[in-house]
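Student: Going down the list, the protein sequences come from chains A, B and C. With the first letter of the first sequence counted as 1, position 226 gets the number 226 in the working numbering; the numbers rise by one all the way through. Here the working numbering = 1-based position in the second sequence + 1000. Here the working numbering = 1-based position in the third sequence + 2000.
It is worth saying that the hints were derived from the structure and are not from the lab.
Below 20 Å or equal to it, Euclidean Cα-Cα: the simulated PhoX-like pairs (lysine-lysine) are: (1) Lys1062/B to Lys2076/C; (2) Lys1155/B to Lys1176/B; (3) Lys2077/C to Lys1062/B.
Partial selection, computed: residues in chain A whose CB lies under 10 Å from chain C: (4) Pro32; (5) Lys101; (6) Phe234.
Cβ atoms here follow ideal geometry from the backbone N, Cα and C, with glycine treated the same way.
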Amino acid sequence: MSRISHLQSPRAQALILLAPAIGIYTIFAIWPMIEVVILSFQRWNGLDADRVWAGLENYRYIFADDPVYWIAFKNTVIWTVLSVIFPPLVGLLLALGLNEKMFARGAMRAIYYLPVIIAPIAVATMWRWMYDPFFGLFNQIMTGMGLQGWIQDWLGDRDVALYSMFIAYIWQHVGFSMVLFLAGLQGVDRSLVEAARIDGASRWQVFRYVTLPALQVTMTIVIVLSTISSLKAFDIVYGMTGGGPAQSTQMLAMWAFTQSMQIFDFGRGSAISVTLLLITLAVVVPYLRWSQKREDAAR
Amino acid sequence: MTRIISVLGALAGVATLAGTANAEDLTIWTLNYSSDAQVAALDASEARFEASHPGVNVEIVKRGTDEHKTALRVAAGSDTGPDVYFMWAGLGLGGEYVKAGLSLDLTKYYEKYGWSDRVSTPSLAFVEAYGPGMNGAPYRFTGEAVYYNKSLYEKAGITSEPQTYEELVAAAEKLKEAGIPAFTFGGTVNWHVMRLMDVLLETTCGAETHDALTGMTLDWSTTPCATEAFQELKMWSENYILSPFMGIDNRQSTSLFLSGRAAMMLEGDWQVNVIKEGANLDDFAVYPFPTGTGRLYGFAEYLYISTKSKNPDLAAEFLDMFSSTEFQEEIKGAFGALSVNKSVELGDDVPDLYKTWKEIFATANGTFVNGDQAFPLDVTTEYFRIINEVASGNMEPQAAATAMQVFISNRS
Amino acid sequence: MSATTTFEEDNITPARRRDPLLVVLWVALVTVAAIWVAPFVFITFTAMKSNSDVMTTSAFSPPTDIAWENFSGAWKKGNFSNTFLNSVIITAVKVPLGLLISAMAAYALARIRLRWGRFLLVFVLFGAMIPFQVMLAPLFTLVNSLGLIDTYIGVILPYLAFGVPYQVFILHGFFRAVPKELSEAALIDGASHFTVFRRIFLPISLPVLAALLILDFVATWNEFAMALVLLQNKNMWTLPLGLMSFQGQFSNSYGQLNAAIVMTVLPAVIVYLIFQRYFVSGLTSGAVKG
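With the hints as extra help, turn the sequences into a complete structure.
Tutor: Right under this line is the structure:
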């Protein structure tokens, strides 16, 4: 009974409620983030007992000498730009369409969303098989339509491999943007839309001057979430190309993993991770401040 | 809630079961093998050892290549791990673990059991290479050579097996004229195309220079034969490889070979079992890639005893049993043509391909290993990248040799 | 509100329904939907064909003799009974436990005045944005140093850690919107925060919890990168790892490979089809309204 009296202060109660989540989160999410920064200044192969202090050597190496780092960097940028444009754009179009009342609307929404819930690694495996140069779906269709000239080594040709992968990524991610936009469209005032129509506004004008402004907040959120999820592209690269051919589809998250967990150069791998972390923070911190401001304003 | 608690309880139970290592347990970590015969041979070793050592429980854990490498790192940093582990004997692989102190010095067991006299000479090459002492016991020695489809050769009018590199190129040209791709490779697993580069380097450079290049003591960019080898690689991939090949893996490549889509593949002696399981052995034959040096292209695989093993004597007994004449007789042919045990002879009932392999081994004049065996891991990764760049026509041969040297120079 | 309703009713006059633009739109949407489903059809068909059929028949021709043995073969070779069980155990422990600790923390942050409460909230939210992919190596060394590689606990703890931020974020928003009166009376009566949390807040947040449960189930079930690093022992692998290894080993057994894909994907698809509406509400409640 005396224990309970100790627990009467709200502070103590809060502490107990918070402890498990904050504790586990700090140890297994925050500490590794600090550790990755520490490791990036060290040399370690995962086998030796000692880690050797290396100063900025790992950073110098990845920026100046690593033949793959800038390829991975460039691909990450291309990938991010593409993922900020295409899945949200297609998602918005689908949402606008599926916001209208029509036959089989629910079924169609379900179909577009279905790929989102599938394991990315399974998506990679599926698409890798569809891209199979000899028996896969795409080349079969091309052959069937007499378009032999269009046949590609979808994942083996460095000029198309990254984009082949991106098609699979769109297929999986469009549903996610679509659902967010559909929710955002619920917030569009229908009476405003009707009033505009009665005043003789065209469909485009209604979209441009009524719907679009109302979707602004949703748009920001979708774009930020798309950016973040594109920066962590890992499963799909690992499963589809492993970074190949000739590292031409390598990306930062995957290259950091390769350096650390396959070449076992933890220092360089961590240095690559830190650069990715900084890029992510450059997106996240302004976003967090923006959403905090929004929240304060809403209060 | 109670359900969660009971699940947690069950979990704890599982965890303790997994954690307790009985003193008479022997854990062996090795690879997933693609052929059923190899898996069966491993299972047989487990059964035989348990039968001769009552109370001992042998567990053979099989993993994919990458998982296996990572798992060993994990073991290195903790007290768990195997008593015996498999590793390729090369510098960047087995050698690195020896240097890191994960491998037990087996000198006393070599003396006790007389392994040096028992196993074949080429397979012993790495035992004392990374010292101190003697590390690892040969488990398997394999060679790689050119398998070809007899009927496709016939169709192209090739009447005899090429004896020189020039003859091989001429044969490839004949095949091409007959509309048959000469070779099949799978580009997604980088080491497959690398095999072609390895034998080309041996061809253009000769034994000594090749070794110096892979030993990183010679400058790639100023050694003309390195550029030449890349030049040849480019020539082969432009003309004589079943295309597209960068988007498929080694197994798909094998399937294509077996279904007659290409005339040749550069594969190991273990592939005989794969052919047997997927096609008719009589349709195929094998000859060494004509590098001109007469050296055998191949590599050794060892079983090492971990320094963390609580039972090294028992582990050594297992290694002794594994290379024993008796057991090697029993699993003959499962891991390739030649047993590491010198006194194990192939019987008369083995496929012709094995007899050819035996001849290849017997007539070889030394060996050279795969590039990924010779280099440290980071150089291997870069070697893969450069080979793929050249093979897919994105890098010129001279630039490739230079890139290789730049990477090597930057390491130190 | 009532105005909107009438407008909506106006919308469904017969004249509007035959709006030509809407018909075009509908046809377009159905066509794209067909493309979206095509991969599933192709995979399922291939999964039911023998290897020789795969090589000789066209992609969308339905299998003639259904090769059920692909499924049993893949199940056995891919060690599916094992990976399936591991996935079930890890998900069954992680998901409810994660929700519980997140809900506790979210309650404390939302309903108990703390000096560092606001800082803690930002500290936790921060984690929702950071990709764990950048920390795979240190996670590996951390879990390894605790001796927890290849254990359920060793993978569940990091899963919990990376699940906390999003769930706390959503639940915090929800709890804060609960009217003060609901809890204050109880607190004045001398009930502890534990009681208020359990008796009042948990019951009213059941719909949100259900949505988060479903979302988290799918995320945990599908997780690959962390499991790849933390589970090295084949016997401990989860379904995604098993599928990946299957692809590496049997890439030329096309029928079986596709059967393996179908078996990996199916549980999540079933859960999705049953609990569809929770997915949407779970996603949108946090991201858009929050």
